[in-house]
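Undergrad: So the chains spell out like this:
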Amino acid sequence: MNTATIPLVRVDSLKMYFPVSTSIMRQAKSFIHAVDNICFDIPEGKSLALVGESGCGKTTTGKLLSRLYTPTAGHIFLRDGEELVDLVTLKGKSLKRFRRRVQMIFQDPYESLNPRLTIFETVAEPLLVQNIGSLQEREERVAVLLEKVGLMPAGSFLFRYPHELSGGQRQRVAIARALVVEPRFIVADEPTSMLDVSIRTGVMSLMMDLAKDMGLSYLYITHDLAVARYTSQEIAVMYMGKIVERGETEAMLSNPLHPYTQALISAVPIPDPSIQRQPPTIKGGISQPIDPLPRCRFYERCPMQFGACNEEPPIAQKDGRQVLCWLHA
Amino acid sequence: MGEQPLLSIRNLTLEYKTRKGYVSAVSDVSFDLMAGQSMGLVGESGCGKTTIAMTLLRLSPDNAIIRNGQILLDGKDLLKLSEQEMRDVRWARISMVFQAAMNALDPVYRVEDQIIEAIDRHQTDLTLAHKHQSVEELFQLVGIDTKMMSRYPHEFSGGMRQRAVIAMALACSPSLIIADEPTTALDVIVQDQVLRELARIQRTMNMSMIYISHDIAVIAEVADLIAVMYAGCMVEKATTQTIFQAPRHRYTKALLSAFPSIVGPKTELVALPGDPPDLLLPPPGCRFHPRCPYAIEHCYQEKPPFEQVGYAHWAACWNPV
Chain A
292 MNTATIPLVR VDSLKMYFPV STSIMRQAKS FIHAVDNICF DIPEGKSLAL VGESGCGKTT
352 TGKLLSRLYT PTAGHIFLRD GEELVDLVTL KGKSLKRFRR RVQMIFQDPY ESLNPRLTIF
412 ETVAEPLLVQ NIGSLQEREE RVAVLLEKVG LMPAGSFLFR YPHELSGGQR QRVAIARALV
472 VEPRFIVADE PTSMLDVSIR TGVMSLMMDL AKDMGLSYLY ITHDLAVARY TSQEIAVMYM
532 GKIVERGETE AMLSNPLHPY TQALISAVPI PDPSIQRQPP TIKGGISQPI DPLPRCRFYE
592 RCPMQFGACN EEPPIAQKDG RQVLCWLHA
Chain B
409 MGEQPLLSIR NLTLEYKTRK GYVSAVSDVS FDLMAGQSMG LVGESGCGKT TIAMTLLRLS
469 PDNAIIRNGQ ILLDGKDLLK LSEQEMRDVR WARISMVFQA AMNALDPVYR VEDQIIEAID
529 RHQTDLTLAH KHQSVEELFQ LVGIDTKMMS RYPHEFSGGM RQRAVIAMAL ACSPSLIIAD
589 EPTTALDVIV QDQVLRELAR IQRTMNMSMI YISHDIAVIA EVADLIAVMY AGCMVEKATT
649 QTIFQAPRHR YTKALLSAFP SIVGPKTELV ALPGDPPDLL LPPPGCRFHP RCPYAIEHCY
709 QEKPPFEQVG YAHWAACWNP V
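Taken in order, these protein sequences are the chains called A and B.
One gets the numbering used here by counting positions in the first sequence from 1 and adding 291 to each.
One gets the numbering used here by counting positions in the second sequence from 1 and adding 408 to each.
Think of the hints as simulated: they come from the structure by calculation, not from any bench.
Accuracy of the hints is not assured; some may be wrong.
[To be verified] Here are the computed lysine-lysine pairs in the BS3-like style, where the Cα-Cα straight-line distance is at most 30 Å:
| hint | chain 1 | residue 1 | chain 2 | residue 2 |
| --- | --- | --- | --- | --- |
| 1 | B | LYS539 | A | LYS503 |
| 2 | B | LYS711 | B | LYS425 |
| 3 | A | LYS382 | A | LYS439 |
| 4 | A | LYS337 | A | LYS320 |
| 5 | A | LYS337 | A | LYS439 |
| 6 | B | LYS661 | A | LYS439 |
| 7 | B | LYS555 | B | LYS539 |
| 8 | A | LYS574 | A | LYS503 |
| 9 | A | LYS354 | A | LYS306 |
| 10 | A | LYS574 | A | LYS387 |
| 11 | A | LYS320 | A | LYS387 |
| 12 | B | LYS674 | B | LYS661 |
| 13 | B | LYS484 | B | LYS555 |
| 14 | A | LYS609 | B | LYS488 |
| 15 | A | LYS387 | A | LYS439 |
| 16 | A | LYS382 | A | LYS354 |
| 17 | A | LYS574 | B | LYS488 |
| 18 | A | LYS387 | A | LYS354 |
| 19 | B | LYS425 | A | LYS439 |
| 20 | B | LYS484 | A | LYS503 |
| 21 | B | LYS674 | A | LYS337 |
Keep in mind that this is a model prediction, so the values were computed, not measured.
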């Protein structure tokens, strides 16, 4: 394999089933198929946005990729030089070493920062865990990073506590903490959805600038397609544990192929009163994938459903797009 | 015109008393709303949108102190009414759709009974069969299966709960409905359905509506007028078209250029520097001046008046676009 074609991250047939137990004494008989056989690659330096409605499995995917969950089945490969290392098989020391290369940013900066630690202690903690540098080196590294995420002058922030900072500043601290061990890949789970519009844009462009400067890749989890458009080169749409469509961002937004992607895109309100939007035609809401039937997950709600849809659809390739739909098979 | 507005807020100024001092939550806000109009109140968290809504219903917390102003509903000042008189206004004249539908419904009562409770307060002479029938009509109006009437809130999905809360707000046919972030907790497809339902009902029943949201795209789709708030002040008010095509206030302009969209060319988003001010110590002059790239000396010195700058267009800016 040519070096240029080795992806940074490769997810192969990844599955995560959660047992649904009706009683604590009984063994679970049914399972929620939270993530069901998903595959994707993220090339070095590129970002993938994972979009979908609540409960579609996007956060579970994020937690699997950062190994906060151990998958039921499948592989997660991370590039290490010329090779791909399967994270699922890692344990103990090698798992800890891997955490230097994959970090997470969470949604709520009010919850994800320890209120009893100063900003310096918060950002330096991963260095302490990984045993990197002397105290002085850590201090320097944290100071440089704080300036990089726009908390200037760093000296005035180092010894403050999270409650003294605004939401936007806290999220910048969380970003600095993720970056301090110099990861290659960051799982960002709705990093801007708690922030106000005027603050959100600043944090979004900071993340994009950092990606460019440091060659980072993100798995950017969001429910907001407009945010996905501005943060990622590719979009993957999830529905009930499956990736139903994946492809280049602008191409997908202008020409969605899967009926679910079409509905999702047509439901997004447009901040321009001169444009009239065609509302989506699908009915009903999303349900939980508890022991789903072996057919298309979108079967009940799909306006274009036909005979073949009663069977599990194959992944169809079309114009550089992967679509999980019989219409395109 | 000569037509009298349904709702007219005059110079409303409100502070919250806290341990650290007085928080200037709403500062000298005035606006009119005609019968049948829908207005969007946009702004970031803490800008005073919800405070205005709560004050309209006289449901402000105990530490709220109204320093000045009038809230005129059909010419009558709501701030002068006794609590008893106010109860006749609430729900019958003004009702509210709350943000978190799960918290707005009582989990231990059937949804039907909760709606009947609201009807009972205002129409005491109805028989049970009549009330049952009105709930049935309300459910049909908001698009929920009438079989769900005798169910409990936890048996409803998020979108259905929000519809039930809307049904409850409609129960006494009010002339004004305030919807405080009605779809923020919902996914886009359900949000789209609920917004359409609300807009349709508002038009068919010719009610006035105040939508409160931080999401300017949602407001753009449902409101005839938009009022933009920043740090307790109303900074601009105009028709939806005007706000989007020819905003005058620098904050409105900044808000619009920071908002991402999935249609049209991918324009560069412009971030606003800094954070909203601490309202314990609001900045002097225009409250937006510390973050405004176009601030001139006058902006530091004097608060800009909320002036008419065009047809049905008001703005408070010393150095407008």
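Undergrad: Output the indices of the hints that this structure fails to meet, ascending.
TA: Per hint list: 1, 3, 4, 8, 10, 11, 13, 14, 17, 19, 20 violated.
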